[in-house]
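Undergrad: Residue numbers (this note's numbering), protein chains in the order written: chain G, 1 to 145; chain V, 146 to 246; chain P, 247 to 414.
Any given hint could turn out to be false.
Where chain P lies over chain V, by a calculated footprint (3+ residues, C-beta under 8 angstroms) [what the hints assert, rightly or not]:
| no. | region |
| --- | --- |
| 1 | 148–159 |
| 2 | 185–198 |
| 3 | 216–222 |
| 4 | 239–245 |
If you're looking for bench data, these hints aren't it; they were derived computationally from the structure. These figures come from a predicted structure and were not determined experimentally. Glycine included, every Cβ here is placed at the ideal spot set by N, Cα and C.
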Amino acid sequence: MITDFGRVLIFLIVGVVFVAGGLIVAWLLRPNRPYPSKLATYECGEVPVGDTRVRFNVRFYVVALIFLIFDVEVVFLFPWAVVYKNLGWFAFIEMLVFLGMLAVGYAYVWRKGDLDWDKPAPKVPRYEKGIGVQETRMTEEEIAV
Amino acid sequence: MEIPLSYYLCLSVVLFVVGVAGVLTRRNAIVVFMCIELMLNSVNLTLIAFSSFLGSITGQALVFFAMAVAAAEAAVGLAIVIAIYRNKRTVDIDKINILKW
Amino acid sequence: MQLFDVVFYVFALITILSGCVVVFSKNIIYAAFSLLFTFFGVAALYVLLHADFLAVTQILIYVGGILVLLLFGVMLTNNVISVEMKTGTIQAIPALIIVAIVAGTLAGLSYSTWKGVAVPAPGGPQTTTGTLGQMLMTSYVIPFEIASVVLLVALIGAAMTARRHRNS
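Isolated chain G, as found in the complex:
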C-alpha cells in the first residue's frame, strides 16, 4: 500500500537520482582540460564584467513582499474552498470580508506606485565636437538602495 505522499517521495527520489546520476556520469566520462576562457562565466559571448553578487534594487524586495502577503492569502483560500459548498452564504461573506481587507492593501501599494517599475532614463552618450564620446557612468547615488 502506498499513500499519496509516498508517491511524492518516490518522485523526489527519482528526481534527485536523475539529476545527481547525470552529473556523476558526466563527471566520470568527460575529459578535464580547463583553461581560463572555458572557466569564465558564460555571458552570451561577452567578457563578463564584475561579480554576480551585485546589490539588487530595493524594488525587487517590495515586489517579493507583496507576493508573500498574497501567497498567504491564497493559502487561506484552500481550506475555505473545500468547505464552501456546505456553509454557503456565510462562508462567502466571510471570505469577501477577508479579501476586501487585503484589497485595501493592494489598493495602497498600487496607489503609492510600488507596483510600477520606473524605467531608468536612457543615458545617451554626449557627443561633442572634437572631444569624442563622453564616458557615461552611473553615480553612486543612482545605484544606492
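Mind docking chains V and P on chain G? Use the hints.
TA: Just chains V and P now, with coordinates in the frame of chain G:
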C-alpha cells in the same frame, strides 16, 4: 513500529537549540533572522506532533495561524533590516547599538 | 512499517544537519540555501504526522515566500564595492552557557514525556484540509478575520519601511 512522540520532541528541541545558538552568536542580522525562523519551525513541529498524537486538530489550526503571522513577521522584519542598512550601511548587529543604553 | 521509520530518520537528519549549516556556515548564501532543506525536512515531518495540508502550506509560505524574501534581503544588504558575504560570530562563551541551559531545560521537559502517559499513535491517513476549513469558518472566524488585518498591516508597514524615499 510507530515513531514515539518523544522522538519528535527531541528533534524539535535540537532544532530550537540550534536556532538559539545562532541567534546568540551570529553577527549578521539576516542570519539571526534565519535562526529565528528555525526556532519558529521547531515550535510548529512540536505543536503538530502533539496535535497528531492527541488526535486533536486544534494544534494544526494554531500552526496555520502561526505561519500567517510568521510571513507577516518576516516581511516587516526584513523591511526594518533594509531600512537600517540604508541609513547605517551595515547589518552587523554589533554596530546597530543606537538604542542600547 | 519499517520503511516509515527509515523515512523519519532520514528527514530528521536532513533537518538537523541543514539547520546546523544555517547557523555555523560562514557564507550567508550557503546559510540561506541550507534553510531550504530545513524547511523541506520539516514539511516532510508534517506529512509523517498526518498534517498534509500544513506540509503543503509550509512549502508554499516558507520556501516559496519567506526564503525568497530572505534571499532578496541578502542581495540587498551586501556592499557593491567589496562583496562581503562572510559573517563572523560573537560572544561564544556566554552563548554556550545560555544554549546549555536552554538545551538542558527543554531536554528535561521532553524526557518527562518519554515515559509519561501512553499517548495513542496517530491514526491512518486522512485529509485535514476539509476539517481545517470547517474550523476556520466556524469556531475560528474571528482569528481568521484578524489574520487578514495582520496581513494588511504587515503589507502596508513593510512596503512603507522598505520604500526608497525620493526626496531624502
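Undergrad: At least three residues with a C-beta closer than 8 angstroms to a C-beta of chain P: is that true for the region 216–222 of chain V?
TA: Per the Cβ count (6), the hint holds.
Undergrad: Tell me whether the statement that chain P covers the region 239–245 of chain V is true, taking a Cβ distance below 8 angstroms and needing three residues at minimum.
TA: violated (count 1)
Undergrad: Closer than 8 angstroms Cβ to Cβ for three or more residues is the test here. Does the region 148–159 of chain V pass it with chain P?
TA: n = 10 at 8 angstroms, threshold three: holds.
Undergrad: Closer than 8 angstroms Cβ to Cβ for three or more residues is the test here. Does the region 185–198 of chain V pass it with chain P?
TA: holds (count 8)
When the structure is compared with the earlier hints, a violation turns up for hint 4 alone.
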